[in-house]
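Chains as they are written, first to last, in the numbering used here: chain A, 1244 to 2013; chain B, 29 to 190.
Just so you know, these hints were derived from the structure itself, not from any lab. Hints are supplied without guarantee of correctness; some may be wrong.
[Claimed, not checked] From the structure, some residues in chain B lie toward chain A, with a derived Cβ separation under 10 Å: (1) Gly67; (2) Ala68; (3) Gly75; (4) Thr106; (5) Glu108; (6) Pro113; (7) Val119; (8) Thr135; (9) Asn164; (10) Arg167; (11) Ile174; (12) Ile175.
Bear in mind that the values here come from a model prediction, so they are computed numbers and not experimental data. Glycine is no exception: its CB is placed at the ideal position from the N, C-alpha and C atoms.
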Amino acid sequence: MSIIERPADIARHGALGTSPPRPDGIEKVQGTFEFSSDISADGCLWGATLRSPHPHARIVAIDPAGAWQIDGVHAVITADDVPGQMNYGLISQDQPVFASDVVRYVGEPVAAVAADHPETCRRALAALAVEYEVLDPLLDAEAAIAGDHPPIHPDGNVIRHQRIIHGDPDVTGAVVVEGTYEIGMQDQAFLGLEAALAIPDPGAKGVELHIATQWLHEDRTQIAACLGLPEDAVRLVLGGVGGAFGAREDISLQVHTCLLALRLGRPVRMAYNRAESFIGHVHRHPATIWMRHHATSDGEIVKIESKTVLDGGAYASTSSAVLVNAITLAQGPYRCPNAVVDGWAVRTNHLPCGAMRGFGAVQACFAYESQMDKLAAACGIDPVDIRVLNAMRTGDTLITGQPVLNVAPVEECIRETAALPLPDEPVGGAPMPDGSADVMKLPGGAGRTADAGDIVRGIGWGVSIKNLMYSEAFDDYSTARCRFTDGVVTLKFATAEVGQGFVTLAPQIARTVLGVDDVRLDRIDTQIGSSGSTSASRQTWMSGGAVNAACLAVRSKIFDHVAEENGFDPAALTIDGTDIVDSVSGWRGDVAEACAGATFDETAEYHHAPTTELDENGQGSPHTAFAFVAHRAVVDVDPELGLVKVVQIATAQDVGRALNPLSVIGQIEGGIAQGLGLAVMEEIIQIDGVIRNGNFTDYLLPTFLDMPPVVATLIEQPDPYAPLGAKGVGEPPCISSTPAVVAAIRDALQQAGIDRPLDRVPVRPGDICL
Amino acid sequence: MSEMEIFSLHVNGERRDVTDSWLGESLLDVLRDRLGLVGAKGACEQGECGSCSVVVDGDLVCSCLVMAASAVGQQIVTVEGIAPPDAPSDVQQAFVDAGAVQCGFCTPGLIMAVHDLLDRTPVPSDTEIREELAGNVCRCTGYGRIIDAVQRVAVARVELSS
Ligand code: FES
Ligand code: FES
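Based on the provided sequences and hints, a complete structural model is requested.
Now the structure itself:
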């Protein structure tokens, strides 16, 4: 992968624009970094969860007697043991801590036990007798919309219905293309499984929870409500997080672990295994999107029409916000003056769905980018040219009427991607020295493919838009504290480090603002205000903004102090490297020495500009900011066996400013791997409401052999609205990489004379060859 | 728990008594929960992800698939035994420098697998790296920086030896 090299003299090492090593890197390579699953405590018991085997059933009776007969069992709890609020949820509180009357998905918690060993827990769960009366499950999202099924929840079967009417709804175009697209249910599949340790306070007056999460304060609010405790009696500490990707935004085992610990007055650990993880967290919404584009005969988009249906599963989670992304971004990164868009997020007896990297934008993008290729074909225009022709620019409006005020280098993203070199590798891979095919380069790998001569290569495009931060009038602020004493800066924040590297970035900000190299990080916990969630590509902007503001506040105090000591005008002082400089006298002195004996301690909040809710016609300014990216995929396809090998992904991404180029590269490559996964292999299969592939043998993840080389260009146009000029970079890579791969497969098949719609992801071998 | 077994393992050059394990515990569980060596991680316990990789008598294995009691008398090396705490190995340092670590959950397993790969194949091709490490899943990095780290070590070792 190409990395943008910057001249070494722009920034001192460790400041913004450089790529210092992660502060937790050495611990992580040595195996001493403490993940939440590694944390234990003296006298600790283990907890485990009993889950529903039915997608929809009434609980007739729960008999715990069998569990109590097992040696080593210390507690059995059910809904009757929840002292506070019975339900939780991120947007609406509709999900029970334990099901009390009805279970609504396979895997819904019904009871929990605590015992001396995980194996004792397993036996106790097996001995818990629950009598169910099986009910008719609602498994069809369209039936939920049509009202064909009695409500499966007091809140009804429709979580949200929202339409968007923009411009002239009746206008038509000379060219019309349409299609119906399906997106399968993807799992975040972070490697570090859910795990937590709860330590009760004496007298069960409070609890400390060590937890791998994306948002400590939101967890605390929901946990405290269910425990019936004041929020300040519930203290959360971030346990080492082994990836998140959206799956840790909702509550999973948090409340259960605390309940058991408080009940017993002893520390309790809970840890999911992979099978439980698959049913224990929310997933990416499966979607069906019908879309029709109207365009002029030259290919200029005139109007889009669409209907989006998201299957939210049994509980609401963030479905309504995912829906808003999916419909408000339905035009993609293209100008579109008129729109008639309809969207539904519905409740079914499937696994609950919520946040996953890309959050609604992923589903929309597969539809609109498939449409753009259809439009290009219908107009006889090259796929690149039609995208450039329609590319959004700063000042254009979304179909909600919101102006896109951010830097919008869509055309640059496309052109820079097109300028990246195509792979040198010949079709089917470079041959071995003896002239035979290198089987490892063929689709399907060793021994799985037809003759190398049958392999066809295709090229496909995907371009996307992503909103950054939370939307619809939500004030997702962030808080940070900066303390400077004895030449050391200490930063404190509650920003969840999930692997993305905020712990690297925050000290870079402090070094740059304050001119101090020794920057340390305090523990990440709830002993400070909220930082909001590590999601929506928002922490560089929001928590970066908060750290920047706290450091600026300290810098201002430093300038006052130095000015007073030396008789300078504080307004004339600046930081240059590690020095303070008086621009009037030319005096310069080391920051740490100039502040010897003094302590400065400032806390700051950063808020983004307010946004609005959508009105009944979907009009408003719901989003905070936008980022863009283009992807070009090259694939080799074996049309007979339906096998695909992705050969290369090229990308140019709108990053605003690369504050840590190596971290940006890591987000780009990692995100593309997840986009590739959705394109060709990743899908949770549920049959009759039962997950059938909830393990890593059957749920396929991209490996070293599946992931091709990535070539990338960073488009650096600092965004004037971003506190550091930088846009969030985490989500865009996984959004349009998916349709790019699928378009490349379609292109390869067309060259082989095969016409397949490939209107569903992941693309399965049978979709190609049958 | 019934059927408690008492046995000894040789881990990272030391004899470690396992006094409270029951028959059937995996090497991964015994290392983590009985011996306090939490460097090896469990992410699938099915042999699919490589997070639990350790070396047993010179062979790289998934410790989730090995019964602890079957490793009696064998030399076990975990990530904690790869290098002293104050002197990370060349592979460990290269992972940090190359940006091959994000969440780090896959990292200990990959450190074991990369040492094993480079011991057997000092200058691996891109395909060899991908093939040899395909048993180690990383969900964060997309593998690019890990491959870079492996190549950096291979180059540095060649330079060192010439
Ligand atoms: S935990 Fe052993 S291979 Fe995944
Ligand atoms: S760094 Fe997170 S799984 Fe590899």
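Hints, one by one, checked against the model:
For B/Gly67, the shortest C-beta to C-beta distance to chain A is roughly 2 Å, which falls under 10 Å, so the interface hint holds. For the restraint placing B/Ala68 at the interface with chain A, the shortest Cβ-Cβ distance is roughly 7 Å, inside the 10 Å limit, so the hint holds. Satisfaction of the interface hint for B/Gly75 is found here, the shortest Cβ-Cβ separation to chain A being roughly 8 Å, below the 10 Å cut-off. Because the beta carbon of B/Thr106 sits about 7 Å from the nearest beta carbon in chain A, less than 10 Å, this interface hint is met.
Of the supplied interface hints, the one on B/Glu108 holds, with its beta-carbon coming within about 6 Å of a beta-carbon of chain A, less than 10 Å. A distance limit of 10 Å between C-beta atoms decides the matter here; for B/Pro113 the minimum to chain A is near 7 Å, and the interface restraint holds. Here the hint on B/Val119 is kept, as its CB sits about 8 Å from the closest CB of chain A, short of 10 Å. Annotation: interface hint on B/Thr135 holds; nearest CB of chain A at approximately 5 Å, less than 10 Å.
The closest approach between the C-beta of B/Asn164 and any C-beta of chain A is roughly 7 Å, which is under the 10 Å cut-off, so the hint is satisfied. The interface hint given for B/Arg167 is met, as the beta carbon of that residue sits about 5 Å from the closest beta carbon of chain A, less than 10 Å. Residue-level restraint check for B/Ile174 holds (minimum Cβ-Cβ distance to chain A is 8 Å; threshold 10 Å). With its C-beta approaching chain A no nearer than about 7 Å, B/Ile175 sits inside the 10 Å limit, and its interface hint holds.
Every hint from the earlier list agrees with this structure, and none is contradicted.
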